Amino acid sequence: MALPNPALTQIPGGYKYGWHDDEKPLQIFQKGLDAETVAKISRVKDEPEWMTKLRLKAYRHFEARPMPNWGADLSGIDFQDIYYYVTGTDKAVQSWDDVPDYIRRTYDKLGIPEAEKKYLAGVGGQYDSEVVYHNIREDLEKQGVIFLGTDQALKEHPELFREYFGTVIPANDNKLAALNTAVWSGGSFIYVPKGVHVELPLQAYFRINTQNMGQFERTLIIADEGSSVHYVEGCTAPTYSTASLHSAVVEIIVKKGARVRYTTIQNWSSNVYNLVTKRAVAHEDAVMEWVDGNLGSKVTMKYPSIYLLGERAHGEVLSIAFAGDGQHQDAGGKIIHAAPNTTSLITSKSISRGTGRTSYRGLIKVYPGCERSKSTVRCDALILDDEARSDTYPYMEIDEENVTIGHEATVSKVGSEQLFYLMSRGLSEAEAAAMIVNGFIEPIVKELPMEYAVEMNRLIQLQMEGAVG
Amino acid sequence: MTLTQTASALDADAIGRISDRFSEPDWLRALRAGWWDRAAATPPPTGQEEEWRRTSLDALPRDVELLLDAPLLETHLPPDAAAAGVILTDLRTAVREHPDLVERFLGRTDGPGSHGHFWALAQAAWTGGLFCYVPPGVAVDGTLVARQTLPRADLAFHPISLVIAEEGSTMTLLEEIVSPDGAAGWYGGIADVRAGQAARMRYANLQQLGDGAWRIGAARVVVDQDAVVTTLNAEVGSRVTKLGLDVLMTGKGGTSKVLGLLAAGDDQQIDINTVQDLAADHTTSDLLYLSALYDRAHASFYGVTNVRRGTKQTSSYQECRNLLLSPEAGAEPIPVLEIEANDILRCGHGATAGAIDPTTLFYAQTRGLDPATAERMIVRGFFEQVVAQIVDETIRERILGALARRIGADTSDEIAA
Numbered sequence: 071m072a073l074p075n076p077a078l079t080q081i082p083g084g085y086k087y088g089w090h091d092d093e094k095p096l097q098i099f100q101k102g103l104d105a106e107t108v109a110k111i112s113r114v115k116d117e118p119e120w121m122t123k124l125r126l127k128a129y130r131h132f133e134a135r136p137m138p139n140w141g142a143d144l145s146g147i148d149f150q151d152i153y154y155y156v157t158g159t160d161k162a163v164q165s166w167d168d169v170p171d172y173i174r175r176t177y178d179k180l181g182i183p184e185a186e187k188k189y190l191a192g193v194g195g196q197y198d199s200e201v202v203y204h205n206i207r208e209d210l211e212k213q214g215v216i217f218l219g220t221d222q223a224l225k226e227h228p229e230l231f232r233e234y235f236g237t238v239i240p241a242n243d244n245k246l247a248a249l250n251t252a253v254w255s256g257g258s259f260i261y262v263p264k265g266v267h268v269e270l271p272l273q274a275y276f277r278i279n280t281q282n283m284g285q286f287e288r289t290l291i292i293a294d295e296g297s298s299v300h301y302v303e304g305c306t307a308p309t310y311s312t313a314s315l316h317s318a319v320v321e322i323i324v325k326k327g328a329r330v331r332y333t334t335i336q337n338w339s340s341n342v343y344n345l346v347t348k349r350a351v352a353h354e355d356a357v358m359e360w361v362d363g364n365l366g367s368k369v370t371m372k373y374p375s376i377y378l379l380g381e382r383a384h385g386e387v388l389s390i391a392f393a394g395d396g397q398h399q400d401a402g403g404k405i406i407h408a409a410p411n412t413t414s415l416i417t418s419k420s421i422s423r424g425t426g427r428t429s430y431r432g433l434i435k436v437y438p439g440c441e442r443s444k445s446t447v448r449c450d451a452l453i454l455d456d457e458a459r460s461d462t463y464p465y466m467e468i469d470e471e472n473v474t475i476g477h478e479a480t481v482s483k484v485g486s487e488q489l490f491y492l493m494s495r496g497l498s499e500a501e502a503a504a505m506i507v508n509g510f511i512e513p514i515v516k517e518l519p520m521e522y523a524v525e526m527n528r529l530i531q532l533q534m535e536g537a538v539g
Numbered sequence: 004m005t006l007t008q009t010a011s012a013l014d015a016d017a018i019g020r021i022s023d024r025f026s027e028p029d030w031l032r033a034l035r036a037g038w039w040d041r042a043a044a045t046p047p048p049t050g051q052e053e054e055w056r057r058t059s060l061d062a063l064p065r066d067v068e069l070l071l072d073a074p075l076l077e078t079h080l081p082p083d084a085a086a087a088g089v090i091l092t093d094l095r096t097a098v099r100e101h102p103d104l105v106e107r108f109l110g111r112t113d114g115p116g117s118h119g120h121f122w123a124l125a126q127a128a129w130t131g132g133l134f135c136y137v138p139p140g141v142a143v144d145g146t147l148v149a150r151q152t153l154p155r156a157d158l159a160f161h162p163i164s165l166v167i168a169e170e171g172s173t174m175t176l177l178e179e180i181v182s183p184d185g186a187a188g189w190y191g192g193i194a195d196v197r198a199g200q201a202a203r204m205r206y207a208n209l210q211q212l213g214d215g216a217w218r219i220g221a222a223r224v225v226v227d228q229d230a231v232v233t234t235l236n237a238e239v240g241s242r243v244t245k246l247g248l249d250v251l252m253t254g255k256g257g258t259s260k261v262l263g264l265l266a267a268g269d270d271q272q273i274d275i276n277t278v279q280d281l282a283a284d285h286t287t288s289d290l291l292y293l294s295a296l297y298d299r300a301h302a303s304f305y306g307v308t309n310v311r312r313g314t315k316q317t318s319s320y321q322e323c324r325n326l327l328l329s330p331e332a333g334a335e336p337i338p339v340l341e342i343e344a345n346d347i348l349r350c351g352h353g354a355t356a357g358a359i360d361p362t363t364l365f366y367a368q369t370r371g372l373d374p375a376t377a378e379r380m381i382v383r384g385f386f387e388q389v390v391a392q393i394v395d396e397t398i399r400e401r402i403l404g405a406l407a408r409r410i411g412a413d414t415s416d417e418i419a420a
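One line per chain: the protein sequences are S and F, in this order.
Just so you know, the first sequence maps onto residues 71 to 539 in our numbering.
Just so you know, the second sequence maps onto residues 4 to 420 in our numbering.
Don't take every hint at face value.
[What the hints assert, rightly or not] Okay, the calculated beta carbon distance ranges per label pair: (1) F:Glu52 - S:Glu119: 39 to 45 Å; (2) S:Glu106 - F:Ser11: 49 to 55 Å; (3) S:Tyr491 - F:Glu52: 45 to 51 Å; (4) S:Ala105 - F:Gln51: 27 to 33 Å; (5) S:Asp104 - F:Arg111: 53 to 59 Å; (6) F:Arg111 - S:Gly509: 36 to 42 Å; (7) F:Phe365 - S:Lys123: 57 to 63 Å; (8) S:Pro240 - F:Ala44: 38 to 44 Å.
[To be verified] Only part of the chain S face toward chain F is listed, based on derived beta-carbon distances under 10 Å: (9) Phe99; (10) Lys444; (11) Thr480; (12) Ser482.
FYI, nobody ran anything at the bench for these hints, they're computed from the structure.
It should be emphasised that the depicted structure is a prediction, and the values quoted were computed from it without experimental measurement.
Glycine included, every Cβ here is placed at the ideal spot set by N, Cα and C.
The shape of chain F in the complex, shown without the other chains (with noise of 0.2 Å):
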């Protein structure tokens, strides 16, 4: 049976056809439909929301074919974690071969306020995601690494991936999604990440899209009790990315630190939406997002950090740092603190926007260095903020050679020169 339908058509026959397609068990369809309600109750962004005031959905392509048969993700599982009972896989590959676990973790929480309508769809939708799941105790040695690449550029694709670390386990997870420039596409995935009490997760994902592509994502981290979370976001391609992040800082003495590398040219538009939630005392979170902008990129950036009445001893900084590189480029960053807690270690939060300096660039200058090359330096030393802090080498080499196609080449050489 063939099914060719459009992300604008879809209804509820058609979520039932991708349970046909893939012949899902009871409770998944049940679920699917469920959320389809939900969906459907959750109206999509008007544009009126605070979140949702610097980006426009009015030219998101709705009518483009939703991709049914994704290629099966490239996974990377390090030897003997398979052994150790660590799971790497496809999300449809996951469903028949450890049906129990997914059905215990898919689809059981809602995603960022702001994004819930999204959220919705593609827990209905999804025809491909991650799979990844750390057992309790488990130290996983190595990158874990998931990498999925999209055929066609003019397609819808609502992806889920889930990442779980089980108490006290230790795991690092790069995911990646690449697409080919060209035509108008919908990239819709989203993370539903949980670290367990005492966990140690390193989560980054990098994204690749093509020039027509409209990443429109959420993801949702929990961090348990203990829990020491990093999460990285390198977002570098894409015609329009919006993403809603939500770090839930749930349990007593976990910490998180959510990092941002954003490099744009052209007409992209970047629209990050964070909230940092410390909702049990003694948690840590601090969130360092850096763009460089270059041509008439836009980015915004509308994070909230917000101390919930009663907990004692949170300790919290959001801060949002923009290059512009160019006079048409342009930065709307907004930290915003939500404080209803008095009994607090430490709260701050900053933001800049500027051009690169004209004396560091003369300097470097009469060191010999031609004005672009120069640039290239200030930019990559500018992201060296958040470099430094990517302890993996494999994650900090793709991460460093996808950002080298905006920033120019070579960057890492030159910086060791």
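Same shape as in the complex, but just chain S (with noise of 0.2 Å):
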């Protein structure tokens, strides 16, 4: 079977995910946005009366808030001429059999259940609002791991999820996460018992179908004391001439001696824009890591955080940012040391390519007292064009004397010796180039599960032909 990379494949002149579905959703809410619609979501979910009132509460937020300016271009945005609710089914289901036709062979074309039963313990794919189909191995469910639509587990878990669903990220956040916490549906939710390993990745897939969509997922993780989980998505969508908008919020809760990794490999079309909000904290001996890969998108900003609230946590972020023509990537990371003894890396590889603009931006913050704290951040950037762009933007706030902190970075184009000695042992230019910029970014792409690491290769590779000469 063909790999299963869901977000991967990005083809220089055509973007193989860019189709989209002709069926009439189940239900659409009329553009643009209110305080009407956010209670209508609400309603149509049927939630709790505490989260219609914090979905107020959080709008009202978003609406006094200034759109941000300090970063990429964002004024393609027009938040009146968005869905921000459309569904083809009413609920998610365990069998794939039971999954709506057209919804089924969308997913069937992106490889997602063949995915399953390969390699992974449970899958989620989320179709515009709504989860539709959710799975999970027997053993685990069995463990009491629960992995579910966010809002089946609001429904399924109501207090579990009250005592975490907006703890990293509160309703008054920065304006994006705002408006996601207003008009989330969808995401997945993930606890994971003590001591409970989970060995296989679960999974999530993202696909926006509608034009003008916008899509704003909410997946929260707890993994609980000395536990381990590892958490895979992917997102597509298709190319439309006018905007989408993907703006997802992730909170992650990681207990003490606890080990979460979250791997995002994001390939949407070239007429989304997609500014997450992605928080983690972590506790006392516990381990978090994000590994961000931004492929796709016009415009992505997304800055994975880390908050080391314990004594001896360690926070890691892997970043590999690729645009190409009109892409601009702006995405990091940021650490929080906020106890003694914590130590951090950040690890950004970026590329840009044609017209394209890679971002690093970053925060390394030390508070007092957070003594023995040690951070490295390390950011390199391959230019492979004239009228490409890089930027690096590495903040650090160190009230703390007793530390160890560093930030390195280099820029460089594909040097022509470089070049010159590959193809002297007999490959192309192309074949050379996409050889070096592989070998760039192999540091990140030895962190992914082998099959996404497979395809990133070749990804590289079809991203680099004709891209030298």
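Please dock the two separately framed chains into a single complex, following the hints provided.
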């Protein structure tokens, strides 16, 4: 079978996932946003009152805050020209056969169920606003692992849900996170009980199908003491001439001694604004890792964050960004050291090609009293064309003396000597350039599940065809 | 006629009265008036700007008296230099004695964008400053020195330093500013520096303002084709230092070294913004700022390397290192890269912050040094990365002497021993 790399194959001259279904959705709200739309989403979902109130509070906050003006150009977003709720199904199902035909065809094309059979412990799929399919292996379920659509989790585990929802990213966070809290729909909810290790990755797959659609999934992961889990998400959308908005919020709680890895391979089509808030808190001896690959979208602004709240907590962000023509990947990571003996590592690799622009934007903050904290930030950028651009904005706020904090960055082009050497060994120029790029991103690719890693290399090869010469 | 004017009450009339007082020529009167309009049209920073987020101007002493009759600069011009046409004098004197030259260079350009308001304010309200001019092809043998000592702490003073090295000339200049400790004051000096084609310039600034001073400074350094420029900012005094420094690599093959030494203690706040603008092919610009931070001192550094579209084979580096010598000291180094060209020879940056490595300190103590001496030596060693690049004896001695005020006495002797 084809490799299950939902998100990775962006082929020059044609985005592989750019098609769309013409099927009419089951339910679609009018474009535009006001308090009534927010309340209506909550009503349709038959939510408890506290959630409706929280949504409305977040909506007021969203309205009051200005658009961020410090990063990418967001002037193409018109919040009143977006569908906030579109669904083709009224509930998530556990059997693949029960998914509506046209949605199943979509996922079949993307290779999702095969992927599940092969190597995943569980999978979720979201189509526009709602989760359409969710399944988890029986043995994990028996151990108490919960892997559900977020809406379903609110219904089935209301107390657990309320205890954690909005505790990492509150309703009055940044403008787009507040928007998510107001209109969220779908996403994954994961709870891993104490001491349980989920050996295979859990996966979710996000698909925008409707034109001018806003997708606002909300993901909440709780890894209880001493547990571990790896979650992988992929995203695609059809190519429309008008903009879609993806504004997700991901909250992760990594308790004492637990370990969470969250891998994203984002391959939205080039009309999607991808403005995502991802934040984790890591308690004593916990380990949190974000692996963040940004290949698609028109504009991405995403800085996965880790608050190191307990002693000896460790945080890592591995970020890779590839910006082709017309794309702006404004990505990076934030680590907040809020306890002694905490350590962190940010590794960023970015490649800009054509008229693409990559920006690394990051923050390392060390609060007073966080003695013996250590942090290293390493950013490398490769610029492939004259018109391409690369920026690095590495913020550091160090308010503690007894720490070791370092940042380094290099920016380079593919050297003509390197190319010449490889070509002298019989490679074409494109192959040689692709090989150099592959070597450049190798430290990140080796952290991906193998299927993704192989696909990533193939993708780079495809991206690089015709890139030089 | 006397004129007592507080800085906050400046208006077009007051600017005119400055011209009256110095009996200035019409061109200068018009120049000041034009810049006053610019200052009024360019609002002061609000604190929302990226470069101003880390320093609040709320407590800037705007109501202190504008220093009208600043003492003339003390200058040292090496023998023979004057005969070769080198000018090193107070800006007011230069207006009288070399009006054509001053008119050619004064107030012709905008300063760093982030400091636009203060640049315009100084161009309108300057009452002192430096004029340093080295004619084409002249190599000054020895060190040019200009020293400004302010009579009181509670003053506002916005001098302009105009430093011109003409084509093919060579010069080394040390500029010092000193003021007494005590009350709050506002020192708003700006520097407009130009190195002509193939000129070689070394320009060091030693700031030893009093402990109540707010230094809101700006400097613009233009490096023409094949010119080689080294700038050094040694910031030792002041309560608050907020400096904008733009280094514009406008000529092909130009080279700049942008060096900084910061030693701060007590409640000092130092906030430096730099721009290294690589706008021409084959230019090189390397920046190195070192801060030693004691007590509750806080140093921010926000530097931008901008590699312009279409430029070829530029080479640049930005490095900012912070040594934190007290639990309450803090640092925010932010070295930004904005790269719009792909044919670059080299571009990178590095930033660090941290305490003295305890094993280093322990090692020094095993050699019989007490902890305080060991710390002094290590700080002095930390600074060596910049100090070693100060080739001029006069400048090195002056700067080490000033740094010793903060890091401890006799540092050079200890190293030698």
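Comparing the hints with the structure gives:
1. F:Glu52 - S:Glu119: 39 to 45 Å: Between Glu52 (chain F) and Glu119 (chain S), where Cβ atoms are some 43 Å apart, the hint holds.
2. S:Glu106 - F:Ser11: 49 to 55 Å: Because 50 Å falls inside the window, the suggested range holds.
3. S:Tyr491 - F:Glu52: 45 to 51 Å: Because 47 Å falls inside the window, the suggested range holds.
4. S:Ala105 - F:Gln51: 27 to 33 Å: holds, 29 Å
5. S:Asp104 - F:Arg111: 53 to 59 Å: holds, 54 Å
6. F:Arg111 - S:Gly509: 36 to 42 Å: violated, 50 Å
7. F:Phe365 - S:Lys123: 57 to 63 Å: Roughly 59 Å apart at Cβ, these two residues keep to the hinted range, so it holds.
8. S:Pro240 - F:Ala44: 38 to 44 Å: For Pro240 (chain S) and Ala44 (chain F) the Cβ distance comes to about 41 Å; the hint holds.
9. Phe99: violated, 36 Å
10. Lys444: holds, 9 Å
11. Thr480: holds, 4 Å
12. Ser482: Ser482 (chain S) check passes; min Cβ-Cβ to chain F is 7 Å, inside 10 Å.
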